[in-house]
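J.: Okay, here's what each chain looks like letter by letter:
Protein chains: 4
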Amino acid sequence: MLTKLSIDNATAEAVIAAASERATAMGVPQNIAVVDEAGHLVAFRRMDGAKFFSIEIAITKAFAAAGTRKATRDIGPATQPGQPGFGAQALVGGRFTTLPGGIPLEAGGAVVGAVGVSSGSTAQDQEVAEAAAAYFSSRWGAGAPVADSQKD
Amino acid sequence: MLTKLSIDNATAEAVIAAASERATAMGVPQNIAVVDEAGHLVAFRRMDGAKFFSIEIAITKAFAAAGTRKATRDIGPATQPGQPGFGAQALVGGRFTTLPGGIPLEAGGAVVGAVGVSSGSTAQDQEVAEAAAAYFSSRWGAGAPVADSQKD
Amino acid sequence: MLTKLSIDNATAEAVIAAASERATAMGVPQNIAVVDEAGHLVAFRRMDGAKFFSIEIAITKAFAAAGTRKATRDIGPATQPGQPGFGAQALVGGRFTTLPGGIPLEAGGAVVGAVGVSSGSTAQDQEVAEAAAAYFSSRWGAGAPVADSQKD
Amino acid sequence: MLTKLSIDNATAEAVIAAASERATAMGVPQNIAVVDEAGHLVAFRRMDGAKFFSIEIAITKAFAAAGTRKATRDIGPATQPGQPGFGAQALVGGRFTTLPGGIPLEAGGAVVGAVGVSSGSTAQDQEVAEAAAAYFSSRWGAGAPVADSQKD
Numbered sequence: 240m241l242t243k244l245s246i247d248n249a250t251a252e253a254v255i256a257a258a259s260e261r262a263t264a265m266g267v268p269q270n271i272a273v274v275d276e277a278g279h280l281v282a283f284r285r286m287d288g289a290k291f292f293s294i295e296i297a298i299t300k301a302f303a304a305a306g307t308r309k310a311t312r313d314i315g316p317a318t319q320p321g322q323p324g325f326g327a328q329a330l331v332g333g334r335f336t337t338l339p340g341g342i343p344l345e346a347g348g349a350v351v352g353a354v355g356v357s358s359g360s361t362a363q364d365q366e367v368a369e370a371a372a373a374y375f376s377s378r379w380g381a382g383a384p385v386a387d388s389q390k391d
Numbered sequence: 240m241l242t243k244l245s246i247d248n249a250t251a252e253a254v255i256a257a258a259s260e261r262a263t264a265m266g267v268p269q270n271i272a273v274v275d276e277a278g279h280l281v282a283f284r285r286m287d288g289a290k291f292f293s294i295e296i297a298i299t300k301a302f303a304a305a306g307t308r309k310a311t312r313d314i315g316p317a318t319q320p321g322q323p324g325f326g327a328q329a330l331v332g333g334r335f336t337t338l339p340g341g342i343p344l345e346a347g348g349a350v351v352g353a354v355g356v357s358s359g360s361t362a363q364d365q366e367v368a369e370a371a372a373a374y375f376s377s378r379w380g381a382g383a384p385v386a387d388s389q390k391d
Numbered sequence: 240m241l242t243k244l245s246i247d248n249a250t251a252e253a254v255i256a257a258a259s260e261r262a263t264a265m266g267v268p269q270n271i272a273v274v275d276e277a278g279h280l281v282a283f284r285r286m287d288g289a290k291f292f293s294i295e296i297a298i299t300k301a302f303a304a305a306g307t308r309k310a311t312r313d314i315g316p317a318t319q320p321g322q323p324g325f326g327a328q329a330l331v332g333g334r335f336t337t338l339p340g341g342i343p344l345e346a347g348g349a350v351v352g353a354v355g356v357s358s359g360s361t362a363q364d365q366e367v368a369e370a371a372a373a374y375f376s377s378r379w380g381a382g383a384p385v386a387d388s389q390k391d
Numbered sequence: 240m241l242t243k244l245s246i247d248n249a250t251a252e253a254v255i256a257a258a259s260e261r262a263t264a265m266g267v268p269q270n271i272a273v274v275d276e277a278g279h280l281v282a283f284r285r286m287d288g289a290k291f292f293s294i295e296i297a298i299t300k301a302f303a304a305a306g307t308r309k310a311t312r313d314i315g316p317a318t319q320p321g322q323p324g325f326g327a328q329a330l331v332g333g334r335f336t337t338l339p340g341g342i343p344l345e346a347g348g349a350v351v352g353a354v355g356v357s358s359g360s361t362a363q364d365q366e367v368a369e370a371a372a373a374y375f376s377s378r379w380g381a382g383a384p385v386a387d388s389q390k391d
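The listed protein sequences correspond, in order, to chains F, V, Y and G.
Residues 240 to 391, numbered by my numbering, are exactly what the first sequence covers, in order.
Residues 240 to 391, numbered by my numbering, are exactly what the second sequence covers, in order.
Residues 240 to 391, numbered by my numbering, are exactly what the third sequence covers, in order.
Residues 240 to 391, numbered by my numbering, are exactly what the fourth sequence covers, in order.
If you're looking for bench data, these hints aren't it; they were derived computationally from the structure.
Identical copies carry no separate label here, and so any pair may be met within one copy or between two of them.
In silico SDA-like cross-links for lysine to any residue, where the CA-CA straight-line distance does not exceed 20 Å:
{"hint": "1", "residue 1": "Lys309", "residue 2": "Gln322"}
{"hint": "2", "residue 1": "Lys309", "residue 2": "Gln363"}
{"hint": "3", "residue 1": "Lys243", "residue 2": "Val350"}
{"hint": "4", "residue 1": "Lys290", "residue 2": "Val350"}
{"hint": "5", "residue 1": "Lys243", "residue 2": "Arg308"}
{"hint": "6", "residue 1": "Lys309", "residue 2": "Gly266"}
{"hint": "7", "residue 1": "Lys290", "residue 2": "Ala327"}
{"hint": "8", "residue 1": "Lys309", "residue 2": "Gly324"}
{"hint": "9", "residue 1": "Lys290", "residue 2": "Gly348"}
{"hint": "10", "residue 1": "Lys309", "residue 2": "Phe291"}
{"hint": "11", "residue 1": "Lys243", "residue 2": "Gly348"}
{"hint": "12", "residue 1": "Lys290", "residue 2": "Glu366"}
{"hint": "13", "residue 1": "Lys290", "residue 2": "Gly266"}
{"hint": "14", "residue 1": "Lys309", "residue 2": "Arg334"}
Given the sequences, and given the hints that come with them, work out the whole structure.
T.: So this is what it looks like as structure tokens:
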């Protein structure tokens, strides 16, 4: 048997709260999704005013980041014209996105989930996802203490 | 022009909290989704231990309840063999569900959103959805005052 | 964080071998799929002569059994006409199957995966899936010793 | 009538074993799929640690290689901007992939199946697929004797 470490709901909602805080500071309402290590949705928030169109995109960014174990932005270059990954976006039922805004969440050396953000510009989405991932990393990442009192 | 009344994120998350409280009391972790009046997801929570399979089903129940403006359970009888609605479950890309657990949220005489619950038995899902809808109704429903102080 | 127990590839292939042995004894070639606790494919075998049409059905049976944490056959009654689950088969993109032949694999009190079998009659599919699940249970199930020497 | 030569399950699993051996030597767990001459899955293995996201991609690479009768990597150039095949990746429901890692398996002058590999970098996927195809070719390819004793 394999043992997998997976993000729980309380942690996912804390990540979403951190993302929302940044989005509010930026004045850009966002869709924010957190999936687990298997790509399944754990928590989602559409901030008031965020685009309905970007609901699925936020979820897909999180899914692709968990699935590739890479930030979606960092997959992009290998899919440009002339690169071996060209056209990858059509795979996995159109869920292989390279749009910035999806970042894996790592703890104990494993990808335990991912966050996806969408409704602003790709730069704004990326900024919010980075804030969320940094918050996660500071509390549950490799360098963080693992005392129970920190587990929410 | 039309003016649409639609559930906001803070209200949706309060509805999810009410649903979670009931689910916790029942000892059955649930997937809980709230969509707005247009059927678009506003907030989602997968309680720890809820089935991944039921994530999409919870969202679909909320979607169908907002879309039909009826509790999904109450659509069922008209889709039975011999009834004119027979086969309706295949419509809307398979999102016309009649499984209990989806209930519209009404305020000011309008359907402003819906809640969908899935991971337990259909009776358990229905009980949690009813608790969530009752909570919504007590605070924002037809009979409730609409003072700003009540808006979270 | 949550910790999840998940079937590994060697175990999945041993389950498939057990299923194949039974199918061979019955003289009915089968498609046999094993998914993990998250519904993702771990191993698959199409025995020579098994129907191509049933490849996806075998995978779907395993997916639905892992997802509902029930044997697909046992979900069926609640989806019959007049029952609350009527029409459920259209959900999850048509992957909510109640066809016999999908059985969850449990170890340590958790569903760690599922097996799905399809190409024969539903009774034949069920028989092979039961043989596979019984083999799994005898080696890795709740009652089995957990010595390393038994882990394949 | 047509007679079609098609890879059988035992051969497909031998090809997967050869691919796994190379992947293990490289230290990169892989998803490995073998399809038959009709593009239908014959055998699949997800090595422990391989990405769930790449399950479908491995199967798609094998499907596209069998379907085009070319290595997926070699289809890529004709789909670049300015080329007549531009945009082909959206065809066949998004299954026209040009990502390296899919290679047809030829015996007796015919494409009898294909192997697809995905979870590493495209270069790693390609290396494993080539190792698998070379193994197949050495045993069942054009230059190999076709005595029954060689058929596994």
